[in-house]
Each structure stands twice: as structure tokens, then as C-alpha cells.
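Novice: Residues per chain are reported as follows:
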Amino acid sequence: MIIKIVAIIIGLLIIGLAIYALHAKKLTVAILGAGAVSLLASIMFLLLAAPDVAMTEAAIGSGLSTIIFFYVLNKIRKQNG
Amino acid sequence: MVKNLYIILVLVGLGFMFYTFADGFESADKLNPVAERYAKQGPDEVGAANLVTAVVVTYRGLDTLGEVTILFLSAAIVAFFLKVTYGEEEKRQTRSVSEIMQTAARLLTPAVFLLGIYVFINGHLTPGGGFQGGAIIASGLVLMLLAKPNMKVSHTLIHVVESISGLAFVFIGVLGILYAGGFLDNSLMGMGTLGSLLSAGVIPLIYIFVGLKVGAELSNIVAHLQESQNEA
Amino acid sequence: MENIGLENIALFSGLILSLVGLWGLLTQKNIIKMIVGFALLDTGIHLIMIAVGYVKNSTAPIIGEGVTKANAADVIADPIPQALVLTAIVIGLGITALMLAYAVKMHQKKKSLDINHYKDLKW
Chain E
2 MIIKIVAIII GLLIIGLAIY ALHAKKLTVA ILGAGAVSLL ASIMFLLLAA PDVAMTEAAI
62 GSGLSTIIFF YVLNKIRKQN G
Chain L
507 MVKNLYIILV LVGLGFMFYT FADGFESADK LNPVAERYAK QGPDEVGAAN LVTAVVVTYR
567 GLDTLGEVTI LFLSAAIVAF FLKVTYGEEE KRQTRSVSEI MQTAARLLTP AVFLLGIYVF
627 INGHLTPGGG FQGGAIIASG LVLMLLAKPN MKVSHTLIHV VESISGLAFV FIGVLGILYA
687 GGFLDNSLMG MGTLGSLLSA GVIPLIYIFV GLKVGAELSN IVAHLQESQN EA
Chain Y
519 MENIGLENIA LFSGLILSLV GLWGLLTQKN IIKMIVGFAL LDTGIHLIMI AVGYVKNSTA
579 PIIGEGVTKA NAADVIADPI PQALVLTAIV IGLGITALML AYAVKMHQKK KSLDINHYKD
639 LKW
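Note that the protein sequences, when read in sequence, are chains E, L and Y.
FYI, in this note's numbering the residues of the first sequence are 2 to 82.
FYI, in this note's numbering the residues of the second sequence are 507 to 738.
FYI, in this note's numbering the residues of the third sequence are 519 to 641.
If you are wondering where the hints come from, they were derived from the structure by calculation, not from laboratory data.
Bear in mind that the values here come from a model prediction, so they are computed numbers and not experimental data.
A couple of the hints might just be wrong.
Said to hold, decoys possible - Once the Cα atoms are required to be at most 25 Å apart in a straight line, the calculated BS3-like pairs of lysine-lysine come out as:
(1) L:Lys-536 x Y:Lys-587
(2) Y:Lys-628 x E:Lys-26
(3) Y:Lys-574 x L:Lys-509
(4) Y:Lys-640 x Y:Lys-627
(5) Y:Lys-637 x Y:Lys-547
(6) Y:Lys-623 x E:Lys-26
(7) Y:Lys-629 x L:Lys-589
(8) Y:Lys-629 x E:Lys-26
(9) Y:Lys-547 x Y:Lys-629
(10) L:Lys-509 x E:Lys-5
(11) Y:Lys-628 x L:Lys-546
All chains should be modelled from the sequences, with the hints used to inform the complete structure.
Specialist: Here it is, written out as C-alpha cells:
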């Protein structure tokens, strides 16, 4: 029962953060929002009995891809002068 | 205006399709026949305690080989696009990295690399495996680069590790054709006892090579992005 | 509350997340925001696949405490969708990195991230 309530809260947070990430004016906020969605999704995978997938999503989806987004953002800022 | 109408039409249509799929969806009470066979025969046939690893490395081993190739291709294209042409030697002007960051990076980087290696060596026993271990190793490289922005990453080392592990992966697969049941068959080596480190045939060996290859590919992407920052 | 399972919650959030991601992909003007939308769509589809592979009251497909060779087929979740999603996540990172590299190259040419400024291939 408690697990279901936790899952509902995580699901609502995922959807809310996704809409917030796409609405945000600043690109950094959008990128961080996408990373947070990935992190919450990895908790959801853990609840759904998939620890392997949860590990991959946490390491790749919310770790490496956020870093790659930030590297690209920094590069584009430099190109703007 | 027409474009907006199309977008709304696409979203509403897809939402309706999703709704008819999700409405009254009930998960199965038991596994479907294929998964049931994997669950029943898997521990004896493959010898891996982690059944996801058994599916990824042995039952669908060819998929994994193809996937590693796709990752290699995308890393190669990223490297091609972000190629840095070294003109005048110009040190990048960066904000100096704080003392805390440098010390913490020096302390943590070996531990992060070790964790990555642990994750892919134990891939057949615990959650984890080559892909996760490789990603953790690449994250360790990111930590190193954040602490020392002017550090040069050896591309030769990355290419050598990647080529050797890719070749070894295919070589083990071909040995399976010659001495065992088929391509990537894991009964090439002894099965061992279920749950011990040296078990599950060649799965630990293959996962070590997959981990090194994925780690090298992701490190390649990160290193190229880092170097392209120096260019204007 | 009784007849709503864990998998239904995950399925609904995955479906709505992928719709939100597709909406972002189609309506955003900024190229980086479009790629963020694509990443959200990716995560949503992974959630859907894992939710479909879930079996009621099952545990992780790893043989150890509580899961023995004999009762494995009755208590574990389906390992095949999990293996597929595992590979899909890694490929998703490769595709995202590739799209970002294209974005950098496009920005180098025109110094703009607005998709409306790229009319070379418009018909």
C-alpha cells in the first residue's frame, strides 16, 4: 500500500518535472529537469523489480547525459562570443 | 496555424491510442512461455545467477554485439564532428578549480574506477554488468576532467583498449563456433557452481571486454567534448 | 485503490511522459529544448516497456535469497524486456550525444539555436 502511494507521488513528480523542464526559460533548468526525471524514473524501475535497468538509468540517463548536455551548452555559449 | 492543428491532431490521436491500450491493462499473473523457459532452464544452461545477464550476454548475445557496434559508430561520428584543429598553442583560460574539488577528485577517482571494475566483474551475480560498469568508468573520467580542465586524455590508449576488447569479444564468439554449440555459446569454459565468481562459462570474460569497450567509447565522447571547449 | 496495481501507475506515468516528450519535440523552437524533449520521450518509452514486463508481486530476476532454481519461474519478473531496455538506454545516450554534436555544428554555421532560422531544406 505504501509502495503504491510512493509510486503515485513519483509518477506525478515525473510528469510535473517534465512539463516544467519544457516550459523553463533557462536552458540549464531544462537540462537539470530532464536529469531529475531520469533519476525518478530509475526509482520507479527499482519498484518494478528491475534493479539492472535502474542502475543503468541512474548512471547513464541522469549522470553522463546531463554532463554531455552541459558540455555542449558551454561550447555553444563560447561560440556566441 | 495549420501546423499547430496537425500537432494537436497527432498528440490527441496518439493519446487516444495510448488510452485504449492502458485502460483496463492488467499485468500477467505468470510469465509468458519464452520467459518461463529462460527462468527454468537458464540457471542450468547458462549458469548465471542474474537472469538479465543471461539474456543479454548469451541468449541475445548477437544483439549486444550489434549494440556495442552502434555505440562505436555514434562515438566515431561525434569525434568526427567535434574534431579540434590545433592551431597556435593556446592555454584555455578557465576559472581556477577550487581546492576542495581537486582534493576530492584525487581521493575519489581511483575509488570510482574500482567501483566500475567491480560492477562489470560481478555482472553475472549481482545487478550490474558491462554497460553500467563502463558508464561508471566514464563518469570517473568526467570527475578527473572537472578537476583538471587542461588535462590531455590519451586518445591512443582509448583506441587501443577499444579495439582490443572489441576484437576479443568477437574472437570469443568465434571460438564458441569452433569448440562449443555456436556463436557466443558460453559452455566454452566450465560452468562452476551457481553464484560463485568463477562461474557461468565465458560470461565474466565477455562482460569484462564489454565493460572496457563501453567505457572506452563513452570516454571518447567525453574527451572529445572536453577538447572542443578549448576551441573558440 | 485495490485494483490499481504498481504496473498501472508506472504505465500511466510512462504514457503521459512520452506524450509530453513528443509535444516538446514538436512544439519547441530551441534545438537544445527539442533534444531534451527527445530524452523525455526515451525515458517514457522505457517506463512503458518495464511496466508491461512486470508480473504481479514479483521480485527481481536474480537467483539468491528467496529465489531458488526451483521456484524461479513463479516469483520473478520477465527478464526479456529488462534486457531490451538495458540496451535501449545505452543506445539512447549514443543518439543524444550524436544529436548534440549536430546541434553544435549547426550553431557554428549560423550562430543561432532557433529552428526557424534553418530554412535550407524547407519546401
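Novice: It remains to establish, for every hint, whether it holds in the given structure.
Specialist: Each hint, compared with the structure:
1. L:Lys-536 x Y:Lys-587: Holds: Lys-536 (chain L) and Lys-587 (chain Y) sit about 16 Å apart, inside 25 Å.
2. Y:Lys-628 x E:Lys-26: With a Cα-Cα distance of about 22 Å, the restraint between Lys-628 (chain Y) and Lys-26 (chain E) holds, given a limit of 25 Å.
3. Y:Lys-574 x L:Lys-509: Status violated; Cα separation ~43 Å.
4. Y:Lys-640 x Y:Lys-627: Roughly 17 Å separates the two Cα atoms, so the pair holds.
5. Y:Lys-637 x Y:Lys-547: Within the cut-off at roughly 13 Å; holds.
6. Y:Lys-623 x E:Lys-26: 23 Å, holds
7. Y:Lys-629 x L:Lys-589: The given pair, whose Cα atoms are some 19 Å apart, holds under the 25 Å limit.
8. Y:Lys-629 x E:Lys-26: 19 Å, holds
9. Y:Lys-547 x Y:Lys-629: 15 Å, holds
10. L:Lys-509 x E:Lys-5: 40 Å, violated
11. Y:Lys-628 x L:Lys-546: 59 Å, violated
Of the numbered hints listed earlier, those contradicted by the structure are 3, 10 and 11.
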